[in-house]
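Q: Going down the list, the sequences are from chains A and B.
For the first sequence, the positions run 18 to 358 when my numbering is used.
For the second sequence, the positions run 18 to 358 when my numbering is used.
Hints in this document: simulated from the structure, not taken from any laboratory.
Fair warning: there could be bad hints in the mix.
Treat identical chains as interchangeable: a pair holds within one or across any two.
The list that follows gives simulated cross-link-like pairs (lysine to any residue, SDA-like), each with its CA atoms no further than 20 angstroms apart [unchecked claim]: (1) Lys301 <-> Ile352; (2) Lys268 <-> Ser173; (3) Lys81 <-> Ile352; (4) Lys268 <-> Glu175; (5) Lys181 <-> Asn151; (6) Lys268 <-> Leu178; (7) Lys268 <-> Leu141; (8) Lys154 <-> Gly303; (9) Lys301 <-> Ile318; (10) Lys182 <-> Phe256; (11) Lys81 <-> Asn292; (12) Lys83 <-> Glu302; (13) Lys81 <-> Pro350; (14) Lys268 <-> Arg335; (15) Lys262 <-> Glu137; (16) Lys272 <-> Leu305; (17) Lys143 <-> Phe256; (18) Lys181 <-> Lys262; (19) Lys182 <-> Gly267; (20) Lys258 <-> Glu139; (21) Lys251 <-> Ser116; (22) Lys196 <-> Val138; (23) Lys182 <-> Lys262.
Protein chains: 2
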Amino acid sequence: MPSLLISRSKLFSNLQSICNIVNTNIACVVKDNAYGHGIIEISRLLSEFGIKSVFVKNNFEAIKIKDLFQHITILYPTSFDNLGDNIYFSVSNIDCIYSIKPHTGIELKVNTGMNRNGIEVEELQKVLELIKKNNIKLIGVFTHNGYGDLDNDSLSSEFLLQQKKFIDVKQMVIDFVNKNDMPIPRFHSLSSSGAIKCRNISDDLVRIGIAMYGYLGVDCNLNLKPIAELWANKISSRFLKAGSKIGYDGKYVLKSDCIVSSYDIGYGDGLLRLNENHNEMRTKEGYLILPRMSMDSTSIISDEDSVCFMYNADEIARIFGTIPYEVLCRISPFIEREIID
Amino acid sequence: MPSLLISRSKLFSNLQSICNIVNTNIACVVKDNAYGHGIIEISRLLSEFGIKSVFVKNNFEAIKIKDLFQHITILYPTSFDNLGDNIYFSVSNIDCIYSIKPHTGIELKVNTGMNRNGIEVEELQKVLELIKKNNIKLIGVFTHNGYGDLDNDSLSSEFLLQQKKFIDVKQMVIDFVNKNDMPIPRFHSLSSSGAIKCRNISDDLVRIGIAMYGYLGVDCNLNLKPIAELWANKISSRFLKAGSKIGYDGKYVLKSDCIVSSYDIGYGDGLLRLNENHNEMRTKEGYLILPRMSMDSTSIISDEDSVCFMYNADEIARIFGTIPYEVLCRISPFIEREIID
Numbered sequence: 018m019p020s021l022l023i024s025r026s027k028l029f030s031n032l033q034s035i036c037n038i039v040n041t042n043i044a045c046v047v048k049d050n051a052y053g054h055g056i057i058e059i060s061r062l063l064s065e066f067g068i069k070s071v072f073v074k075n076n077f078e079a080i081k082i083k084d085l086f087q088h089i090t091i092l093y094p095t096s097f098d099n100l101g102d103n104i105y106f107s108v109s110n111i112d113c114i115y116s117i118k119p120h121t122g123i124e125l126k127v128n129t130g131m132n133r134n135g136i137e138v139e140e141l142q143k144v145l146e147l148i149k150k151n152n153i154k155l156i157g158v159f160t161h162n163g164y165g166d167l168d169n170d171s172l173s174s175e176f177l178l179q180q181k182k183f184i185d186v187k188q189m190v191i192d193f194v195n196k197n198d199m200p201i202p203r204f205h206s207l208s209s210s211g212a213i214k215c216r217n218i219s220d221d222l223v224r225i226g227i228a229m230y231g232y233l234g235v236d237c238n239l240n241l242k243p244i245a246e247l248w249a250n251k252i253s254s255r256f257l258k259a260g261s262k263i264g265y266d267g268k269y270v271l272k273s274d275c276i277v278s279s280y281d282i283g284y285g286d287g288l289l290r291l292n293e294n295h296n297e298m299r300t301k302e303g304y305l306i307l308p309r310m311s312m313d314s315t316s317i318i319s320d321e322d323s324v325c326f327m328y329n330a331d332e333i334a335r336i337f338g339t340i341p342y343e344v345l346c347r348i349s350p351f352i353e354r355e356i357i358d
Numbered sequence: 018m019p020s021l022l023i024s025r026s027k028l029f030s031n032l033q034s035i036c037n038i039v040n041t042n043i044a045c046v047v048k049d050n051a052y053g054h055g056i057i058e059i060s061r062l063l064s065e066f067g068i069k070s071v072f073v074k075n076n077f078e079a080i081k082i083k084d085l086f087q088h089i090t091i092l093y094p095t096s097f098d099n100l101g102d103n104i105y106f107s108v109s110n111i112d113c114i115y116s117i118k119p120h121t122g123i124e125l126k127v128n129t130g131m132n133r134n135g136i137e138v139e140e141l142q143k144v145l146e147l148i149k150k151n152n153i154k155l156i157g158v159f160t161h162n163g164y165g166d167l168d169n170d171s172l173s174s175e176f177l178l179q180q181k182k183f184i185d186v187k188q189m190v191i192d193f194v195n196k197n198d199m200p201i202p203r204f205h206s207l208s209s210s211g212a213i214k215c216r217n218i219s220d221d222l223v224r225i226g227i228a229m230y231g232y233l234g235v236d237c238n239l240n241l242k243p244i245a246e247l248w249a250n251k252i253s254s255r256f257l258k259a260g261s262k263i264g265y266d267g268k269y270v271l272k273s274d275c276i277v278s279s280y281d282i283g284y285g286d287g288l289l290r291l292n293e294n295h296n297e298m299r300t301k302e303g304y305l306i307l308p309r310m311s312m313d314s315t316s317i318i319s320d321e322d323s324v325c326f327m328y329n330a331d332e333i334a335r336i337f338g339t340i341p342y343e344v345l346c347r348i349s350p351f352i353e354r355e356i357i358d
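Just chain A, with the same shape it has in the complex:
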């Protein structure tokens, strides 16, 4: 069966590179099964590295790793029921506040211009009053700057505008908590690319996701290395003559005599489905992957016992007109994860 090899040394090297240039705390994003890598496996490694604070997708993910970190924030809670003193809930909407029990720890998400999730800045004062009135523990206040990913080293005016808006949010929150004798919450706004571009960060932490997995989209001389490789094993082999047709509707026609093998991975395992409309795709070893990919198997001009289908999600993303995030996070959770050095 296929397996996803996770390199401990590459993950640690990526984390160290990021720590070296970011002048604040690093929290890690392990949501969506750690961007497809395996939330339990990645969380164990992060804990070993010394990471104390992480972000997960929902309550189910938080429960899986609850003993590994001092601080786990659920970005998209499925309920606000207490899951442990180290597990906090993101709140993106004023109506939620009414269903949260006293003493529950929350992080308040504020919209600063991405116009996606979070309360509006104009609602902030009212929400803070409600939090105080209902005796909810305000652990953090954060936003998501959606303008950090542009493919260059500079920071766009939209990025800077969102950052400026968040500075105002911080000031409003600090004024409120000081006036009401509440503890100052932690503040954060930046994910990987913003954190790495924006060298002088005044937030309490940054949320590192894609960069620790080895991708960034912008070149920042960080020497990030993709930490995962996806391997599959041969099902069967055959020698075929030039002109032989392969796969559904015989869409691939062999150009010369060769050995073609099928391997035990397909789009049912989370690969994007290669068809005759895509550009050429090759394994790490350089073997040609033949369209159309099947749900559980893929034909390759190769006779190897095993081949590496994914070693760099950027390459695959380019072929499919998408981003490495999508390539990674859809790797089937049913595929075996193996930690290697």
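With chain A's structure known, arrange chain B on it following the hints.
A: Structure of chain B alone, referenced to chain A:
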């Protein structure tokens, strides 16, 4: 959180329609988490309908449903260790035979022209000898006709050639088992589209996958109904002015003032990632889904508490230049399944 609603009555209606026109036994394909629908939920319903025989992807899937059927065949075994008397292993390659213990029940896969998996017809005699010599139980012999899916009612010459080749395979197997006092195995070659187009079937069963989930690609007056709908819930809403930018890099710009809400589903939940290069995509209710989709949330011009993102995988497949199989089988297994009438 999002949920996948599975309609019991639509599944049963699809199965009944197929039973009505196919003149042999129906076995069901529940591999790849039942094409993304949920292998346990679908298998329970199939068992209730009276299905006795199914096909799964690997050993892990077989174990999940081992008490529900008389006959489970693993198409891509991860090992040949005994899992129970009702669980059989597909064998696609001559070398496997040597690692299979005596009395293990197998189904032999033969390549009849798809040139993907299976032993070659030329190897058949040798493999049958080995099976006999090693005292392996030959439960079935099958092939996969990869030419049944063309978008019309007719059967191509390639389809008919594969069928003819399989008739020869059957005769070779029958001659061998008769000569050696072995029981006659079951024979099968057709999946949904081939089974439905080819009205007079001489095989012992057909393998029905995509059609029971409500899709076919060809119109055969069967009135198949997609059995699943994917719903998501509102995270937060905001009123935005025309010209407001939404999501990563502000790629979507609102054409008029309106309420935009974010919903708790994204490409991390298995949706294909909508970006600005795709055609317009709408919910079942007709609300416009705004690119770029995020990993965990999607913005829609809607103020509803919940909306239906997928009601017909064909529609989504068209937008992304793929097939409904890919749309369905990648629905995250972590999404809650709910059986409705």
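Q: Hint by hint, say whether it matches the structure.
A: Each hint tested on the structure:
1. Lys301 <-> Ile352: Classified as within; 19 angstroms inside a copy, 32 angstroms across copies.
2. Lys268 <-> Ser173: Intra 45 angstroms, inter 14 angstroms, cutoff 20 angstroms: inter-copy only.
3. Lys81 <-> Ile352: both (18 angstroms within a copy, 16 angstroms between copies)
4. Lys268 <-> Glu175: Answer is between: at 12 angstroms across copies they meet the 20 angstroms cutoff, but 46 angstroms inside does not.
5. Lys181 <-> Asn151: neither (30 angstroms within a copy, 75 angstroms between copies)
6. Lys268 <-> Leu178: Between copies, since 16 angstroms is at most 20 angstroms while 50 angstroms is not.
7. Lys268 <-> Leu141: neither (57 angstroms within a copy, 26 angstroms between copies)
8. Lys154 <-> Gly303: For Lys154 and Gly303, neither the intra-copy (55 angstroms) nor the inter-copy (40 angstroms) Cα distance is at most 20 angstroms.
9. Lys301 <-> Ile318: This pair counts as within: shortest intra-copy Cα distance 13 angstroms, inter-copy 42 angstroms.
10. Lys182 <-> Phe256: between (64 angstroms within a copy, 18 angstroms between copies)
11. Lys81 <-> Asn292: neither (37 angstroms within a copy, 32 angstroms between copies)
12. Lys83 <-> Glu302: So Lys83 and Glu302 fail the 20 angstroms test inside a copy (39 angstroms) and across (39 angstroms) alike.
13. Lys81 <-> Pro350: both (14 angstroms within a copy, 16 angstroms between copies)
14. Lys268 <-> Arg335: Classified as between; 19 angstroms across copies, 22 angstroms inside a copy.
15. Lys262 <-> Glu137: Cα proximity of Lys262 and Glu137: across copies only (15 angstroms, versus 58 angstroms in one copy).
16. Lys272 <-> Leu305: within (12 angstroms within a copy, 45 angstroms between copies)
17. Lys143 <-> Phe256: between (72 angstroms within a copy, 18 angstroms between copies)
18. Lys181 <-> Lys262: between (59 angstroms within a copy, 17 angstroms between copies)
19. Lys182 <-> Gly267: between (57 angstroms within a copy, 16 angstroms between copies)
20. Lys258 <-> Glu139: between (70 angstroms within a copy, 15 angstroms between copies)
21. Lys251 <-> Ser116: Between copies only: 15 angstroms across chains, 53 angstroms inside a chain, cut-off 20 angstroms.
22. Lys196 <-> Val138: within (19 angstroms within a copy, 83 angstroms between copies)
23. Lys182 <-> Lys262: between (59 angstroms within a copy, 16 angstroms between copies)
Hint compliance for this structure: hints 5, 7, 8, 11, 12 are not met, and every other hint is.
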